[in-house]
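Using the sequences and the hints given, assemble the complete structure.
From first to last, the protein sequence lines stand for chains V and A. Using my numbering, read the first sequence as starting at 11 and increasing by one per residue. Using my numbering, read the second sequence as starting at 11 and increasing by one per residue.
What the hints contain is simulated information worked out from the structure, not anything from laboratory work. All values reported here derive from a predicted model rather than from experimental measurement. The reader is advised that the hints may include incorrect statements.
Because identical chains share one entry, a pair is satisfied inside a single copy or across any pair of copies.
Each computed DSS-like pair below joins lysine-lysine, with the alpha-carbon atoms no more than 30 Å apart [stated by the list, open to error]:
| # | residue 1 | residue 2 |
| --- | --- | --- |
| 1 | Lys504 | Lys492 |
| 2 | Lys78 | Lys106 |
| 3 | Lys115 | Lys25 |
| 4 | Lys25 | Lys106 |
| 5 | Lys492 | Lys25 |
| 6 | Lys259 | Lys130 |
| 7 | Lys78 | Lys504 |
| 8 | Lys25 | Lys78 |
| 9 | Lys130 | Lys115 |
Okay, here's what each chain looks like letter by letter:
2 protein chains.
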Amino acid sequence: MSTESVYAEFTAWIKQVHLLGTVGELLGWDEQVNLPPGAAEQRAAQQAALAGATHAAASDPRLGAWLKVLEAEATLTADQRAVVRQARRDYDRATKLPAEFVQAKAAQGSRGYHAWARAKAANDFAGYAPVLAQNLEFAQREARYLGWGGREYDYMIDRHDPGMTAAVIARLFAELRRDLVPLVRAIAASRVRPRPGALRGFPVEGQRAFLREVTAQLGFDYARGRIDVSLHPFCTGTGSDVRLTTRFKEDEPLDSLFSSIHEAGHGMYEQGLPAAHLGTALGIHAGMAVHESQSRLWENQVARSRGAWRGWEPRLRAAFPAQTAGVSSDELYLAINEVSPTLIRVDADEVTYNLHIILRFELEQRLFSGGLAVADLPGAWRESSQALLGLVPPDDRVGVLQDVHWSDGSFGYFPSYCLGNMLAAQLWYRALALRPALEEDFARGDFTWLLGWLREHVHTQGRRHDALELCRQVTGEELSPKHLVRYLTERYGKLYRI
Amino acid sequence: MSTESVYAEFTAWIKQVHLLGTVGELLGWDEQVNLPPGAAEQRAAQQAALAGATHAAASDPRLGAWLKVLEAEATLTADQRAVVRQARRDYDRATKLPAEFVQAKAAQGSRGYHAWARAKAANDFAGYAPVLAQNLEFAQREARYLGWGGREYDYMIDRHDPGMTAAVIARLFAELRRDLVPLVRAIAASRVRPRPGALRGFPVEGQRAFLREVTAQLGFDYARGRIDVSLHPFCTGTGSDVRLTTRFKEDEPLDSLFSSIHEAGHGMYEQGLPAAHLGTALGIHAGMAVHESQSRLWENQVARSRGAWRGWEPRLRAAFPAQTAGVSSDELYLAINEVSPTLIRVDADEVTYNLHIILRFELEQRLFSGGLAVADLPGAWRESSQALLGLVPPDDRVGVLQDVHWSDGSFGYFPSYCLGNMLAAQLWYRALALRPALEEDFARGDFTWLLGWLREHVHTQGRRHDALELCRQVTGEELSPKHLVRYLTERYGKLYRI
Chain V
11 MSTESVYAEF TAWIKQVHLL GTVGELLGWD EQVNLPPGAA EQRAAQQAAL AGATHAAASD
71 PRLGAWLKVL EAEATLTADQ RAVVRQARRD YDRATKLPAE FVQAKAAQGS RGYHAWARAK
131 AANDFAGYAP VLAQNLEFAQ REARYLGWGG REYDYMIDRH DPGMTAAVIA RLFAELRRDL
191 VPLVRAIAAS RVRPRPGALR GFPVEGQRAF LREVTAQLGF DYARGRIDVS LHPFCTGTGS
251 DVRLTTRFKE DEPLDSLFSS IHEAGHGMYE QGLPAAHLGT ALGIHAGMAV HESQSRLWEN
311 QVARSRGAWR GWEPRLRAAF PAQTAGVSSD ELYLAINEVS PTLIRVDADE VTYNLHIILR
371 FELEQRLFSG GLAVADLPGA WRESSQALLG LVPPDDRVGV LQDVHWSDGS FGYFPSYCLG
431 NMLAAQLWYR ALALRPALEE DFARGDFTWL LGWLREHVHT QGRRHDALEL CRQVTGEELS
491 PKHLVRYLTE RYGKLYRI
Chain A
11 MSTESVYAEF TAWIKQVHLL GTVGELLGWD EQVNLPPGAA EQRAAQQAAL AGATHAAASD
71 PRLGAWLKVL EAEATLTADQ RAVVRQARRD YDRATKLPAE FVQAKAAQGS RGYHAWARAK
131 AANDFAGYAP VLAQNLEFAQ REARYLGWGG REYDYMIDRH DPGMTAAVIA RLFAELRRDL
191 VPLVRAIAAS RVRPRPGALR GFPVEGQRAF LREVTAQLGF DYARGRIDVS LHPFCTGTGS
251 DVRLTTRFKE DEPLDSLFSS IHEAGHGMYE QGLPAAHLGT ALGIHAGMAV HESQSRLWEN
311 QVARSRGAWR GWEPRLRAAF PAQTAGVSSD ELYLAINEVS PTLIRVDADE VTYNLHIILR
371 FELEQRLFSG GLAVADLPGA WRESSQALLG LVPPDDRVGV LQDVHWSDGS FGYFPSYCLG
431 NMLAAQLWYR ALALRPALEE DFARGDFTWL LGWLREHVHT QGRRHDALEL CRQVTGEELS
491 PKHLVRYLTE RYGKLYRI
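The structure is reproduced here in structure tokens:
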């Protein structure tokens with residue numbers, strides 16, 4: 011058989027496997043949005059059956075044979091090599107883990123979630139510690155099964171961000187930490203403070219219409235997506251079926267608006283992947299850092315800008331005249347850009363958020379290197395929290411027990427959030443250099459140049475390059491925290507008069 | 011390995027296959043209810059990938075080996091034998107059709123739909139005839155692949171209603187036809203006529219609340235199901251996740267109400283299947299005739315009864331005081347029980363509906379026996395329509411081209427609708443014999459006795475018995491049209507004063 015026809019059969023197969031994965035994602039969406047309360051068990055059984063069928067397809071021996079042929083083939087194009095490389099990652103992950111290990115880990119993940127929820131409610135870290143130690147052990151074994159012995163934490167990071175390493179992150183975060191801690195302290199000390207509860211009583215239907223208008227204007231295509239309500243906002247799906255969720259509180263209209271814009275940023279990335287290549291490396295996202303760069307760029311650099319609000323403020327006032335009557339433009343803009351250190355990551359503003367991530371990264375690194383025992387985590391957390399945020403959690407519920415991630419062994423995920431913030435800022439300044447009048451576009455409700463630029467240089471690239479290479483290609487520079495520091499200093503330094 | 015452990019492995023496997031089928035159903039539901047307009051192609055690709063994975067599981071050679079062992083095993087219980095029998099049907103269907111045939115038939119099904127839609131719009135039966143002939147040929151080949159050579163139409167019927175045959179149906183329908191044609195003529199000649207447009211301007215939100223209250227009262231469990239809006243009403247899902255759909259028109263409140271009750275009847279059946287056996291013959295429905303008997307019983311015998319409306323009428327009036335002010339109780343009840351022969355099956359009332367089915371069955375029978383050429387269908391349709399309904403379609407759009415079913419080769423499906431009506435009436439009189447005060451229960455809003463009785467004697471039986479045997483077991487009699495004739499005569503004879 012010719013290389014060409016092997017390559018065609020091979021890509022057809024991996025696209026099928028990917029499609030099965032998207033079916034699983036749709037089941038997950040449906041579970042959060044639609045599932046009748048009594049159907050949880052049946053849905054878990056459906057997901058398990060689908061996971062079994064997907065695994066059977068992903069580990070099919072024909073795939074292994076095709077990969078061997080293609081890896082030995084010298085005539086492949088660079089794009090084809092990228093596709094083969096990604097498929098090899100997926101195939102190894104599907105075939106190199108012993109079935110007993112996969113089962114034991116899945117069971118542990120489920121136990122872990124419940125142990126975490128119980129421990130958090132009871133402020134009982136000691137009750138959770140053995141589960142966490144077990145998760146750490148599973149993670150390290152998994153890394154070794156896949157050939158990452160001695161670089162276990164790099165493996166955990168690479169799962170979410172292909173090509174990224176702990177050493178690179180450590181260097182970037184150290185620099186960011188150095189510059190960000192003083193900025194957060196200065197903002198915290200500022201006498202400028204948003205007026206609490208300035209925005210109240212926004213009816214849900216009005217919020218829904220407003221955020222739909224805003225996200226459509228930014229460029230989220232509702233002919234290829236939708237938005238619904240769930241407990242926690244998220245984005246799922248890809249290509250021509252991308253689904254966002256949000257939640258509504260009458261007294262927190264900015265929460266639903268900005269979480270929707272954030273998810274729409276993810277969604278526009280997925281909608282911008284090249285349809286013909288969905289499921290291969292040319293048609294999947296480049297990793298979680300790049301994904302977060304898209305959500306954060308739209309949420310922060312764009313949607314918290316003066317320019318965007320010159321366009322949106324009149325429309326917000328027209329839609330909610332009574333609710334906005336007593337709120338000045340400056341008050342509104344300050345509410346949109348509130349900065350206030352908090353103990354809780356998910357409540358954090360865009361400045362301090364990065365410090366929450368640095369804290370978790372540093373602890374994960376020490377856990378994986380053996381330099382920190384699980385039992386010593388709460389103390390280490392409190393110390394870091396003091397050093398980074400200037401706040402010490404009064405108990406573990408608002409400290410080391412606050413996040414769900416570690417309960418099912420999702421180590422190495424946190425750094426993506428902060429890497430995404432860095433990349434977003436770096437992309438932003440590159441875009442501004444190319445089109446200085448960007449905020450004037452926004453004021454007119456025109457976001458098309460920016461979306462077009464991202465489409466061309468980020469979205470349609472798929473996973474051809476890892477995050478670091480993509481950054482070089484698009485911005486002409488190595489990924490660096492200096493752009494994020496510059497952006498935060500410019501925007502918040504002025505606003506908080508520091 | 012012991013028989014017991016073979017049986018356990020075997021049932022675990024067929025439950026997985028069934029779960030994958032339910033995932034496909036959920037994708038279908040989502041397509042009708044949620045799918046963004048631009049996502050049709052991607053959804054088709056997801057369905058195809060899932061169908062491939064499901065087929066791989068359904069045709070797994072291990073299943074064939076287990077079946078051989080179990081079929082040779084003398085110690086199985088009757089329940090176990092029923093499970094093995096059904097699994098054999100499914101396994102043969104998954105393995106005995108050549109892959110090329112399955113692909114060709116799927117492509118033909120899709121072409122067929124478009125050819126039908128085009129032909130219907132253009133009133134061009136001649137353009138559709140070759141497709142129909144091809145569908146007929148595919149159906150006959152499929153029957154022969156599965157060992158039904160010489161009994162091809164029986165195969166088509168058996169697919170939907172295990173155990174049913176054309177000969178049985180022909181006998182039942184002939185008797186029904188004999189009694190029903192004069193009844194329909196008499197009603198059509200009656201001077202009693204519902205007032206057109208008596209019910210107008212019912213706001214959608216109010217309709218939604220009312221039908222939800224009614225269906226919940228009948229016994230549809232909204233903790234294990236939901237109702238949404240789609241273009242055509244349907245019911246899908248099983249066990250603890252059953253999904254109904256309806257549609258709303260402000261000037262046709264009875265349309266959404268009764269279609270919802272119909273679908274809720276299907277849904278209560280699915281909710282009543284024994285959860286522990288979902289996916290085996292003990293936990294799937296007994297065929298489409300029994301399924302229709304459940305939807306029709308709730309929709310017609312129950313929800314069009316005087317008793318039920320003694321309870322509901324005051325609530326309808328309270329919910330819609332202005333809309334019902336000028337409508338007397340008799341007018342309301344007559345609107346609920348309107349009978350008027352029409353050319354279009356889906357618009358037909360419960361009396362004439364059966365004649366539409368008899369017409370289609372008789373034509374299908376002649377098509378499969380070779381006694382009728384596809385080219386002669388339109389003429390045969392017009393003749394039958396005159397004989398059965400006393401109406402001749404002015405063109406094929408409202409005649410032979412009206413139904414989608416044949417366009418993808420779904421022959422043998424129509425009879426289930428009418429068999430279901432027969433069984434519903436027979437179940438109804440059996441229930442009344444056991445509890446004569448049934449309508450007094452209904453008037454109090456109490457439908458629990460009837461649901462409990464159906465749960466015990468129909469729902470929890472799964473597919474242990476075919477429709478004919480189930481009928482014997484529950485009613486003590488052979489399935490017969492006489493109960494349907496009696497019911498229609500009693501209800502409509504009185505109402506239309508004939």
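Taking the hints in turn, this is what the structure says about them:
1. Lys504 / Lys492: within (18 Å within a copy, 87 Å between copies)
2. Lys78 / Lys106: The answer is within: 16 Å in one copy meets 30 Å, while 33 Å across copies does not.
3. Lys115 / Lys25: both (27 Å within a copy, 23 Å between copies)
4. Lys25 / Lys106: both (21 Å within a copy, 27 Å between copies)
5. Lys492 / Lys25: Neither: 39 Å inside a chain and 56 Å across chains, both beyond 30 Å.
6. Lys259 / Lys130: Classified as within: same-chain Cα gap 25 Å, cross-chain 50 Å, threshold 30 Å.
7. Lys78 / Lys504: The answer is neither: 58 Å in one copy and 79 Å across copies each exceed 30 Å.
8. Lys25 / Lys78: within (18 Å within a copy, 35 Å between copies)
9. Lys130 / Lys115: within (22 Å within a copy, 56 Å between copies)
The structure fails to meet hints 5, 7 from the earlier list, while all remaining hints are met.
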